[in-house]
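There are 2 protein chains.
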Amino acid sequence: MLLFYAPDFTTDSPLLPEEETRHALKVLRLETGEFIHITDGKGNLYTTKIVSSDLKKPRFQIMQHQSDYGKRDYFIHVAVAPTKNPDRTEWLVEKCVELGIDTISFIQCDHSERKHFKTDRLEKICVSAMKQSLKAQLPEIQDIIPFEKFVTKTDLWDQKFIGYLDEQKKYYLSEIAKPNQRYCILIGPEGDFSPREVGMAQQQGFIPVSLGESRLRTETAAMAACHILNIINQK
Amino acid sequence: MLLFYAPDFTTDSPLLPEEETRHALKVLRLETGEFIHITDGKGNLYTTKIVSSDLKKPRFQIMQHQSDYGKRDYFIHVAVAPTKNPDRTEWLVEKCVELGIDTISFIQCDHSERKHFKTDRLEKICVSAMKQSLKAQLPEIQDIIPFEKFVTKTDLWDQKFIGYLDEQKKYYLSEIAKPNQRYCILIGPEGDFSPREVGMAQQQGFIPVSLGESRLRTETAAMAACHILNIINQK
Numbered sequence: 003m004l005l006f007y008a009p010d011f012t013t014d015s016p017l018l019p020e021e022e023t024r025h026a027l028k029v030l031r032l033e034t035g036e037f038i039h040i041t042d043g044k045g046n047l048y049t050t051k052i053v054s055s056d057l058k059k060p061r062f063q064i065m066q067h068q069s070d071y072g073k074r075d076y077f078i079h080v081a082v083a084p085t086k087n088p089d090r091t092e093w094l095v096e097k098c099v100e101l102g103i104d105t106i107s108f109i110q111c112d113h114s115e116r117k118h119f120k121t122d123r124l125e126k127i128c129v130s131a132m133k134q135s136l137k138a139q140l141p142e143i144q145d146i147i148p149f150e151k152f153v154t155k156t157d158l159w160d161q162k163f164i165g166y167l168d169e170q171k172k173y174y175l176s177e178i179a180k181p182n183q184r185y186c187i188l189i190g191p192e193g194d195f196s197p198r199e200v201g202m203a204q205q206q207g208f209i210p211v212s213l214g215e216s217r218l219r220t221e222t223a224a225m226a227a228c229h230i231l232n233i234i235n236q237k
Numbered sequence: 003m004l005l006f007y008a009p010d011f012t013t014d015s016p017l018l019p020e021e022e023t024r025h026a027l028k029v030l031r032l033e034t035g036e037f038i039h040i041t042d043g044k045g046n047l048y049t050t051k052i053v054s055s056d057l058k059k060p061r062f063q064i065m066q067h068q069s070d071y072g073k074r075d076y077f078i079h080v081a082v083a084p085t086k087n088p089d090r091t092e093w094l095v096e097k098c099v100e101l102g103i104d105t106i107s108f109i110q111c112d113h114s115e116r117k118h119f120k121t122d123r124l125e126k127i128c129v130s131a132m133k134q135s136l137k138a139q140l141p142e143i144q145d146i147i148p149f150e151k152f153v154t155k156t157d158l159w160d161q162k163f164i165g166y167l168d169e170q171k172k173y174y175l176s177e178i179a180k181p182n183q184r185y186c187i188l189i190g191p192e193g194d195f196s197p198r199e200v201g202m203a204q205q206q207g208f209i210p211v212s213l214g215e216s217r218l219r220t221e222t223a224a225m226a227a228c229h230i231l232n233i234i235n236q237k
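As they're listed, the protein sequences go chains D and X.
My numbering applies: residue 3 is where the first sequence begins, and numbers increase by one.
My numbering applies: residue 3 is where the second sequence begins, and numbers increase by one.
One thing to keep in mind: the hints can contain errors.
A pair counts as met if it fits within one copy or between any two copies, since identical chains are not told apart.
Calculated lysine to any residue pairs in the SDA-like style (CA-CA distance at most 20 Å, straight line) [claimed, not checked]:
#	residue 1	residue 2
1	K86	K133
2	K86	I127
3	K86	Q134
4	K51	R61
5	K180	Q236
6	K133	I64
7	K180	N235
8	K58	T121
9	K126	R90
10	K86	E96
11	K73	R217
12	K44	H67
None of these hints come from the bench; they were simulated from the model.
Note that this is a predicted model, so its numbers are computed, not measured.
Whole structure, please, built from the sequences with the hints as guidance.
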């Protein structure tokens, strides 16, 4: 299955952006009569037949339209401090999208080494991972905001967690997360959350959790949290 | 906690390799009287005090020695086809070591785009991830061998799995893996295992499993399998 991304694609206006057209017709050399899948990243999946492979004016005939393709009855929001090395953050976005995530936010923390962070490049990574893993819902990437602003904002989450390192006995996320919920989990920077931040999050109802026995890097922890929440919903 | 790697460190010969000595005394500027942890990667963890910070002749006094540090009552062996892009294989090694793994093997598959693969660089990544995640057992990296040789070799695994993509209904690894076992799981290349390979593995007792709803890249699948097996043993 070949999946292309066309944010403005509709039944009335079945148009593929120039870059995706080029990729389909020039790079992959797909021809008239062949089938491709197109998503708008909003849950719609179109199975289309190429009826004109003219690079300037390609045309696609919709053979099938599925709305809410791959819709899940849970919602995963990971809020993470960007890693010092931006490659590691890009990697975590790619992996979370593959595993299944709805929203990724970035937070400025007391111990953050990187307080500023541009999310532009992440959009591309997000699109590419969505296509690669054959999903029809493009996850949302939210700009970086201060920790306190994030934890106090009005929310629609059912279960809120904060993952951090200290020695204190905590529940495993895999034990305490219930299926079919709207989850939010906070993951701290390389130097972990400050006690002030942990206190503030707890006051706002975030439950301290452990992700397992291993000490994980920031990006691994974010990915592991996302994976655990997906696994819980498999059963 | 600062962890250094000294494969030949013993109570009788408490010596740190030159590179690690440099890192401790020159880069991190640790001084006489300070404590560092040293592991031999074979399960021994030494808490030592620096008694001489002479770069040429450093000396460490062992304050505590723990053998079988972090010993687990399960064993994870992932056998994976190297990815076309070697960075992705390096990344998977780092992440599996962080999450907890015992052995990583590489396999040549029918659809492998990369049939040859050097594991030298992976040793370094393995050591660095072991130190970073504060483990005292260095995972084993095994050289690439043909798929058929791997699946038919005499083994000591309790549960053997093969993860692949097709549409056929399979059990989730998270449902079928039992705690406290010696596991082996096979992960295929970008083009997946061939039907011939799946058949051969099944004949050898490898059970087909699904890692979840998402279509994952090779390196993500290997990491996800390792993570699932760790989670199962948390309960």
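Comparing the hints with the structure gives:
1. K86 <-> K133: between (28 Å within a copy, 19 Å between copies)
2. K86 <-> I127: both (18 Å within a copy, 19 Å between copies)
3. K86 <-> Q134: Classified as between: cross-chain Cα gap 15 Å, same-chain 27 Å, threshold 20 Å.
4. K51 <-> R61: within (8 Å within a copy, 73 Å between copies)
5. K180 <-> Q236: Both: 11 Å inside a copy, 17 Å across copies.
6. K133 <-> I64: within (19 Å within a copy, 54 Å between copies)
7. K180 <-> N235: both (8 Å within a copy, 19 Å between copies)
8. K58 <-> T121: neither (31 Å within a copy, 47 Å between copies)
9. K126 <-> R90: So K126 and R90 pass the 20 Å test inside a copy (15 Å) and across (18 Å) alike.
10. K86 <-> E96: Both ways: K86 and E96 sit 17 Å apart in one copy and 17 Å across, limit 20 Å.
11. K73 <-> R217: between (33 Å within a copy, 15 Å between copies)
12. K44 <-> H67: within (13 Å within a copy, 56 Å between copies)
Checked against the numbered hints listed earlier, the structure breaks hint 8 alone; every other hint is satisfied.
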